[in-house]
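With these hints in hand, go ahead and build the complete structure from the sequences.
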Amino acid sequence: MRRFTFLKGQATLNDFIVIEDHHGMQDLSPSFVQQLCDRRGGIGADGLLRVVRAQHVKDWQGDPELWFMDYRNSDGSVAEMCGNGLRLFARHLMNEQLVPSGRFSVATRAGVKEVRIARGGLISVDVGRPRTSPEPVTVNHGGSEWEATVVDVGNPHAVAFVDASELSALDLSRQPTWSPEATFPDGANVEFVHETEPGRISMRVHERGSGETMSCGTGVVAAAAAYQQRTGHSGQVVVTVPGGELTVDVEGAHAWLTGPAVIHMRGEYWA
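Letter by letter, the sequence shown follows residues 0 to 270 of numbering that gives the first Met the number 0.
Quick caveat, the hints were computed from the structure, so don't treat them as lab data.
Taking CB as the label site, the calculated pair distances span: (1) Ala252 to Gly43: 34 to 44 Å; (2) Tyr268 to His55: 19 to 29 Å; (3) Ala270 to Val77: 13 to 23 Å; (4) Leu97 to Gln228: 35 to 45 Å; (5) Val77 to Tyr268: 15 to 25 Å; (6) Pro135 to Trp269: 46 to 56 Å; (7) Glu244 to Tyr268: 24 to 34 Å; (8) His21 to Thr230: 37 to 47 Å; (9) Glu64 to Gln228: 34 to 44 Å; (10) Glu113 to Leu12: 23 to 33 Å; (11) Arg102 to Leu27: 21 to 31 Å.
All residues carry an ideal CB built from backbone N, CA and C; glycine is no exception.
Pasting the structure below:
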């Protein structure tokens, strides 16, 4: 029987299992990750974060001594980035004194990301400058369709702007589709956004590999980027998601995502 220690936490109610595997010894097969993330048969989470030294990650070419955020969706698939996951990963590194200060770097499949502890214990992470595409995509869901903005935040997003009534009525237990299909050959996160007032938006999201979640950090950044492109707004964007509130600040080539992240528990899992 397999036994190991895990931690559990959340960042704006986007919840994750954290597994320490500093030397890359754990075999995290897709089926095992699915089992862990199952909310009835396992621990239950939107995804899993493996804490490992970068030197033990296949194909990593950067600094071998960095901590690497090895992120898996709840369906067992590997993802390039996760903004909320990165904040929780950083919280864990701070809690366990695995980093020497409140400013440090974390390796991810989307490159090296900078972290800094912000006001009131909030955590800010630099997810890089989101890249919007001039070519729109059409998102289809529930018999309706919207023209959406394609945004790359190290992972793929489609951001559709909807009315307030549409936002609340969406059934995101089903995955939205898009056309042309070739725009996202490996799937995408789809954000539905409504402007509540200048500089403030509300958002719901269907995440690739996880379904609807209470929050999506990279999705928040993608939504803010699409909002700025759509409206010309150049300042901070406050984004309300079902799990809470996050802010996005663009500083040159850097988009900083700021919000809470909390570790709630530590336990043992037997499988």
